[in-house]
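Protein chains in written order, with my numbering: chain A, 5 to 385; chain B, 5 to 385; chain C, 17 to 200; chain D, 17 to 200.
All clues given are correct.
Not everything, but these chain D residues come out facing chain B in the computed CB check (under 8 Å):
| no. | residue |
| --- | --- |
| 1 | 152 |
| 2 | 175 |
| 3 | 184 |
DSBU-like cross-link-like pairs, simulated, lysine-lysine; straight-line CA separation at most 30 Å:
| no. | chain 1 | residue 1 | chain 2 | residue 2 |
| --- | --- | --- | --- | --- |
| 4 | C | 81 | A | 373 |
| 5 | B | 91 | B | 289 |
| 6 | A | 373 | B | 332 |
| 7 | A | 332 | A | 373 |
| 8 | A | 332 | D | 81 |
| 9 | B | 329 | D | 84 |
| 10 | B | 332 | B | 373 |
| 11 | B | 332 | C | 81 |
| 12 | A | 318 | A | 329 |
| 13 | A | 273 | A | 318 |
Worth flagging that the hints you see were computed from the coordinates, not collected in a lab.
We put the CB at the ideal spot given by N, CA and C, even for glycine.
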Amino acid sequence: MNIFLMRAALLSLAASAPLLAAPPLPAEHLTVTTLPPNNPHRIYVLDDAFTNEIDARVHLFDGDTYRRLGQIDAGFNPGFNLSPDGKTTVVGTTYYSRGSRGTRTDVVEFTDNTTLSITHEIVLPPKRAMTLPTYFNVAYSADSHFLYVSYVTPAASFGVLDPAKNTVLEEIDTAGCVLVIPSGPNRVSSLCESGRLLTVTLDAEGHEASRALSDAFFDPDRDPVFVQGVPMTDGFAFVSFLGEVHEVDFSGAQPAFHQPWSLVSATEKGHWRPGGTQIGAIHRKSGKLFVPMHRGGEGSHKEGGTEIWVFDMKTRQRTARWPVKPHKLAPVLAVQVSQDEAPILFAATAHSDVAVFDARTGQLRHVEKQLGQTPWVLLNP
Amino acid sequence: MNIFLMRAALLSLAASAPLLAAPPLPAEHLTVTTLPPNNPHRIYVLDDAFTNEIDARVHLFDGDTYRRLGQIDAGFNPGFNLSPDGKTTVVGTTYYSRGSRGTRTDVVEFTDNTTLSITHEIVLPPKRAMTLPTYFNVAYSADSHFLYVSYVTPAASFGVLDPAKNTVLEEIDTAGCVLVIPSGPNRVSSLCESGRLLTVTLDAEGHEASRALSDAFFDPDRDPVFVQGVPMTDGFAFVSFLGEVHEVDFSGAQPAFHQPWSLVSATEKGHWRPGGTQIGAIHRKSGKLFVPMHRGGEGSHKEGGTEIWVFDMKTRQRTARWPVKPHKLAPVLAVQVSQDEAPILFAATAHSDVAVFDARTGQLRHVEKQLGQTPWVLLNP
Amino acid sequence: MRSIDHLFENSSRALARHTSRRSLLATLGRILTGAALIPLLPVDRSSRAAAAEPGGTLPEAASVKGTKAAADDPLSCEYWKYCAVDGFLCSCCGGSSNACPPGTAPSPITWIGTCHNPTDDRDYIVSYNDCCGKASCGNCECNRNEREKPMYRPSRNNDMNWCMANADSNYHCSVSVILGVAEK
Amino acid sequence: MRSIDHLFENSSRALARHTSRRSLLATLGRILTGAALIPLLPVDRSSRAAAAEPGGTLPEAASVKGTKAAADDPLSCEYWKYCAVDGFLCSCCGGSSNACPPGTAPSPITWIGTCHNPTDDRDYIVSYNDCCGKASCGNCECNRNEREKPMYRPSRNNDMNWCMANADSNYHCSVSVILGVAEK
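Pulled out of the complex, with its shape left as it was, chain A reads as follows (with noise of 0.2 Å):
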């Protein structure tokens, strides 16, 4: 930089006498941004670029200023998550040696979400689910020690890594269950086909200690639950096609289950429904549960909400209905929602943008048009 400076001043000094009274703009430095830590109303956008798709991203947004504040490049089909402490972001994602063809290389990659530099990354067998992303395809352990990450070949099984050390492991089969879903240190519990969590416990080495099927909660027939779980306070709420709510309580040795209760009247149910890409958030403290709700039958549970409804998860009461339409947005596919005591809702729709919401009263505050291509997962700290 100081050649510049230098160039700058003599270049400043070479330059004929102003017109004006007022001195010349001063020679800039060229630098690079940090950020400063999290707070509650930052966000993070995972963009599939489902139309370009070796090129995802996450990008940072402010819930206040409404600046974007970078991007962590996501590869093919990735999945993401926050570390514990929201300080790391962790993508796991494919790579090809030729862009879209070539050798493959699955890999995680730890971003520290204050200067958006990757750190470190884990090479991982080919095995890495690729699907939509969701809080399970890969997730931390409470403590932050082990890193789980969801396996499909299509045999389901996950990999144990230690993201402080940089290996792997384990793997660890899960008997065609699918995803990650943790708890406490050690804990991992998968969705079976059957509506059973199959619940893994490891060791201090990250081998698998045990394991045990729970019963099943849900009917995977007649009503299957979304795999985007919602998180609550000791746990994850499922919600299903037709709108019941299972919130499974993760806190204890296995998976406790809560009586499921209804997003929807009797009159309603079938007719509205849940939809999108990320189909819930609760704001713990206040315990207030948001859900794209759209008019719909089978098959239409990908499509977005033309309203959000909102739900006092203590007395399982509908409490507000926010229709989108009247501000010119489109379907919402994505919601999330902030965890400080002015909470914002997020909400990202069918084209792409990203609305802002006072989650208090849904008064809408901001859209920012085009985050990205495909923003389909809000995760914030």
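Add chains B, C and D to chain A, keeping to what the hints say.
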């Protein structure tokens, strides 16, 4: 496939009797399409995919049926060309081991235009010119024995490759002159800052036999030419920012320069200008030149044409002006014309559409919407 | 499908760790062929924002959306055979409704669906395959999900990249191939 | 610039074949610094179809296109300093008009341009740098070309990827850095 057919047959047998008299549709085979040989109305459209630039591609499109014929992936910031016999597409591009970063590999890839499979590749030194695609980033000798690749590091040179033996034969420094304009079996010309052409003649092994610098044929300060040369029967026409046409005959041992002529009248000069990413196309048999023109001043040379102007190269007269706005088209960035008796004019717009016109009448026949993100260059056999 | 699902869930564990992927596929293929004449596992891709995509709009097809003609038009997402396609239509990418575009490879694993043909009022069993080995086609994005199920039921799921087991596992587009008439 | 261009054209030949790229850059940098106090070579990227891009539209800036406010707004392509930027504005990508976004690296080679600041009615010499090592930012595409010249005049060209000499040569976005007031 056999197992599918067997299943289908069994399923058909097992099915209940059809309600209708008509027999059910037969089981289908899953096949892979191959293409007929090139025809004059096929076009190769380079989509630089500027917002996802590691995922550029070449789209094949049929100007008669308006169908997309297939795709050739093209990596990052590619150059491309067709072999003299039209049977091969050659793409010069760059890959990184981690998508957008990591180890850089520069390569030229050869695609069979019937199967759209890559038949072979030649790895280059990491010097490939990363710039706008033109005819001159990657180019064959007239007899196809050599392939030339433009290098800029920013020092300028070019690679001489043997596409049959899959080897890089030589790197030839060009003393600051850029791009590879091929002529005959063994000559390469490059455009110099001074407005001259440097012509290097090669020996049979692809090494430099001699070089010569032409006189300046344009004034790079006052009226620079676009580097997007337009193929004529015996060379290329270079159009200047202000609309001067410099026809250069490359059929002899050294380039010969015709007297330049102007696309614009004295009153139009400086007000109407050519502009875009591919600023001309010539129907060689009829001597018709097509140029996208716009109203604009200094610095507008990348603005697309609001009109396409048609010129007779022999009389050097404008014969038609075709405004594109009445067709609801955005400004035209690139034009190409087929070389047959019933020529088609293709025009790529700033909204990423490709319009198909009758090149004799200017009648609009079709608008192919969104032929990629950023279709910047159109080549045809 | 119940018995097959169950088989898959309980038998794949031992196989997964000790068997190569290809041989696992072959083994499961045999199991399934013997058990129910159903080809193994889904196709396809997830995708959502058709209207927003640069290439997400359908080409100028002869048919108009919502009409009978659209249900008969292989260039339309509404074509009857596409009732659970989630991806780009190969028919708009240089292939057809049952042919991969030049230079791509069909996925060796596939899943089946049942689609109703309004012309002859029959239900057909179709195989959804992905065509693999080139980057996303980007044209004619189509997202239909009749009887589609989440990822824990892989034989009915179209969110997964069913090119996963290809030598070049990149997803390009999707086809729908008639296997035969469905049992009533 | 005449003498420098000429020097470049006639002196680089011997260097190109026998010298590493980095050392060539250093050499030319010294030559140019000594000759004319002008940083070596252009920045930037070509780009055209702002209106058509998924991310090609400008964000909700305070300014309205064509106004004085836009010329003062670093989030607007019309900002006075951007008079020959062809690419994505780093100010819309997590950086600013003179700062690269987090995790990217400035290009060590650069070119200069002259832009007029309407506020103080002065011409400033600015350095255009690319920020490199991440995929295209995709936001705020901006294509201005005042005094821009074709590729055979590299010191004035913005079509080239001026990340070319970076360890990670992928282009992300562009900045414009004030060097000083231009001589009249």
